Structure formats: structure tokens, C-alpha cells
Amino acid sequence: MIAPFPLSLPSGSVGTLGVAFAVGIGFGWCLERAGLGSARKLMGQFHLTDLAVFKVMFSAIVTAMLGLFWLSWLGALDLGRVYVPETFIGPQLAGGLVFGAGMALAGLCPGTSCVAAATGRIDGLAVVGGFFTGVLATGLLVPKLGSLYAGGARGSLTLDALLGMRPGVMTLVVVACAMAGFVVAEWIEHQTAAPRVETES
Amino acid sequence: MSASLRDVRRALVAGGLMLAVLAAVVGSPAPSTRVASSGSEDARRLAPVVPANLGALQLAAWIREGSRELRVLDLRGDSAYEARHIPSAEPIQLSQLDTLASSVDATLVLYSDDDVRDIQAWANLAARGHRRAYVLSGGMSSWMEEVMEPMLHGDSADYVAALSRYFGGAPRAARAREERVSRPDTKEAEERAPATTDAFGEPARRGC
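If you read the protein sequences in the order shown, they are chains A and B. Numbered by our numbering, the letters in the first sequence go through residues 1 to 201 in order. Numbered by our numbering, the letters in the second sequence go through residues 1 to 208 in order.
I should point out that these hints are in silico values taken from the structure, not numbers from a laboratory. Heads up, a few of these hints could be off.
To be verified - If the Cβ cut is set under 10 Å, some of the chain A residues that face chain B in the computed set are: (1) Thr63; (2) Leu66; (3) Phe69; (4) Gly75; (5) Leu77; (6) Glu86; (7) Ser156; (8) Thr171; (9) Ala176.
What the hints assert, rightly or not - Some residues of chain B that are not near chain A, with every Cβ distance over 12 Å (derived): (10) Asp7; (11) Ala11; (12) Gly77; (13) Ile92; (14) Leu100; (15) Ser102; (16) Asn124; (17) Arg128; (18) Glu149; (19) Ala161.
Stated by the list, open to error - FRET-style restraints, in silico, Cβ to Cβ: (20) Val25(B) with Cys30(A): 23 to 33 Å; (21) Ser147(A) with Ala126(B): 40 to 50 Å; (22) Ala94(A) with Gly66(B): 15 to 25 Å; (23) Val104(B) with Cys30(A): 31 to 41 Å; (24) Cys30(A) with Glu69(B): 31 to 41 Å; (25) Ala101(A) with Glu69(B): 37 to 47 Å; (26) Leu140(A) with Ser141(B): 37 to 47 Å; (27) Gly67(A) with Arg6(B): 20 to 30 Å; (28) Arg166(A) with Gly15(B): 15 to 25 Å; (29) Val183(A) with Glu90(B): 43 to 53 Å.
No experiment lies behind these values; they were computed from the predicted model shown. Glycine included, C-beta positions come from ideal geometry on N, C-alpha and C.
Could you build the full structure based on these sequences and the hints that come with them?
Structural data, given as C-alpha cells:
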């Protein structure tokens, strides 16, 4: 028995789609409340003036990791049924570069662009159109990119397996990295925000 | 930031750190023995033995993903194993399960051609603390039907086809099935046909 999430439902069933819809709405609401529907907010990441994106995303990673660990330990979730995406070094490296360049240009990523579009921002709609165009183009090019598309396959890698650490110890290491990252991020924000305060006063 | 918000943030940070430290102490996210042994001894003795079943497609996905600590155990006997077996499967006899060297956290998938043997093997593993032991539903025949020669239809057709080809399978389009359904008299015609062996018991040639 898997609870609280019906992960054992067949793919594409009404139940699975309902859960996906509810999770999507919740995710979008959280992004909007964190102010990530604004391109200016996201561009602050690259100008090192506002690292909210880094903090929100790393908080989500740590929360999900701790949640999965303890829900599994309590017997409420079967980690063996949680899909771990496969690693393809070549295509994921190329995709990461394209994604990063697109995010720096647009000031939005796929999730935040949907949030921006849902709240009526024109730039959000433009980015949504752009990434659907990109998905279509990639789909059409896949047959010609066969060797690149499957290059560097490494299977489902996890950090603990890769580094030979126990999952619990890996959890502590990632949480410690997150905490250190938050301290450094706030220090950077403080450093870059200080001159602006003086100008305004 | 207000003082109350700062307090909430500090509490969340402290809670997260505490859970992380405890996770390091616990080590593994596998369900604890305390949870596993909840309930009275009587209730567990009276509980029916219902093995955890696993579909062939799910097993194929796990093998392809290279899931950690996955072992596939073939209980059908050496001759059946040598004739045909699931990739990465190990031949093993029921009596050898008592001395199976495997972590209790490992994922074990059993299959045979005998439901009783499946249940015996699964119960043996479950009694020795293997919480991730599964019986392949339908055994080797379901592997052949669902992975090696799957009938493709619906939204999952591409996924199933890719999975099948990964194992060297030959997925079939649903159209072939429809053609067979539209010509139900084919099998009857074959049954009505004369014997296909010649006087010496050898297969008779057709079309010559």
C-alpha cells in the first residue's frame, strides 16, 4: 500500500492526472507567492542582487529530500517506486547550456513562465510560446540526433550511490550545503544591496 | 523581516537540521523494524500470506534503469533457465533461499512456473525480513507477452515499444490484432485443415 500518494496508479489514469493537476496547481501557487513569476526577480539571480530563486529551489529540494527519507522510514512511501530520471551526460549538458542561456535571456524558466503567463504577463506568454516551439523543434530533430540523444547514458544515478555514502549521511551533507548556501546568498545580497540603500536615502 | 517571521524561520531551520542529523544517525530510509513489527503477534500469525506482485513492465523498467540492489531470481530449474530467462536473472532453487546472501534492503523479484512455489519462496523471504520481495505476476509468460512481444496500444505505446526493443523484443502494432479479430475464421480454417504431418511424422511442406 502506498500512501499518501497513489503512485501505483497506472500512468495516464484519471487519478494520476488528478494528482498531477493538484500538485501542479500547488507548485504554481508557491512560485507565485514567492514572487518568481516576475522576470525582474529572476534576473536578480544573475545580477547577484536577489537570490530568492536559489533559496526557494534549494529549500524545495531539501524539503522534498527530508520528506521522502522520513516518509519511507515510516513506511508511508515506497522509495523503490519513485522514478529516478536516467542520466545522459552529453544531451543533458547540451540541454543545460541551452536552458541556462534561455533563462538568462528571458528571465523566466518553464515553471515560472507558466506562472507569469497565468497571471497575465506578456513576457510569460512569449516564453511559453518559445519553449513549446523549442520542444517541437527538438522532437522533429531527434531522429537526426540519435547518437547525441542517447550519448553518455549512465542509468539512474543518485548522489549517495555515486559517492558511496549512506543515504542518511548524504541527506545531512546536502542539508548542510543548503544551510551554508543560504548564509552565503544572504551575505551576497547584503553586499550588493547596500549601495542601493545609500542612494535611495 | 518581522521578529515573528524570523522566529518561524529559525524554528524551520532548526527542525530541518534536526531531521537531517537524525537521518544521518538512522542511515537508511528503509522502513524501520519498529514500523514493520507494529501490530500484535497474533494478528500477524493470522494474516493471510499475500505476496507482493510486480508487473513485467515494471520489472523491465527497473532492470533498464539499473536499479540498485535489484536481484531477479529464477525458480524454474536449470533446464528452463538455460532455455530462456529474464536478463540479469539468477537461477536458484527453493531450498537455496535459506542461505541467500542478500541485504534485507535489496529488491528481490521471484518468478517460476508454479504459483505455490512463488508463494513459498516469497513467504520465506518475507519471514527473513526482506520487505522488498516481489513475485513477477504471470511469470516468464507475462515477460514474453508484455515485454518481448507486447501489443502496442494507447498512450503508453511508445514507452512500451522502447522498453521492449531495449531487451531485443519485437513489439506488435494493435492493427495486427484488429486484423486477427476481423478474420476470426482463420483459426477455424486451420483446425479444419488436414494434418500437417506426412506419413513419416515429419512436418508437411506447404505451398510446394
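- Query: Regarding the assertion that Glu149(B) does not contact chain A, is the least Cβ-Cβ distance greater than 12 Å?
  - Reply: holds (20 Å)
- Item | Interface restraint verdict for Ala176(A) against chain B (beta-carbon cut-off 10 Å) | holds (7 Å)
- Task: So, Glu86(A) near chain B? Judge it on the closest CB pair being under 10 Å.
- Result: Result: holds, 6 Å to nearest chain B Cβ.
- Message: Just want to verify: Gly77(B) was marked as not at the interface with chain A; is every Cβ pair farther apart than 12 Å?
- Response: holds (28 Å)
- Task: Have a go at the Thr63(A) hint: is there a Cβ in chain B nearer than 10 Å to its own Cβ?
- Result: At 8 Å from the nearest chain B Cβ, Thr63(A) passes the 10 Å test, so the hint holds.
- Message: Holds or violated: the 20 to 30 Å window for the beta-carbon distance between Gly67(A) and Arg6(B)?
- Response: Taking Cβ atoms as reference, Gly67(A) and Arg6(B) lie about 24 Å apart, which means the hint holds.
- Item | chain A versus Asp7(B) - minimum CB to CB distance exceeding 12 Å, so not interface | holds (17 Å)
- Message: Can you tell me whether the CB distance of Val183(A) to Glu90(B) sits inside 43 to 53 Å?
- Response: holds (50 Å)
- Task: Starting from the hint 15 to 25 Å, judge whether the C-beta atoms of Ala94(A) and Gly66(B) obey it.
- Result: Given about 23 Å between the Cβ atoms, the range holds.
- Query: Just checking, Ala11(B) versus chain A, shortest CB gap more than 12 Å?
  - Reply: holds (14 Å)
- Using the C-beta atoms of Ser147(A) and Ala126(B), is the stated range 40 to 50 Å upheld? holds (45 Å)
- Task: Would you assess whether Ile92(B), listed as outside the interface, keeps its beta-carbon beyond 12 Å of every beta-carbon in chain A?
- Result: holds (21 Å)
Hint check: no violations occur; every hint is consistent with the structure.
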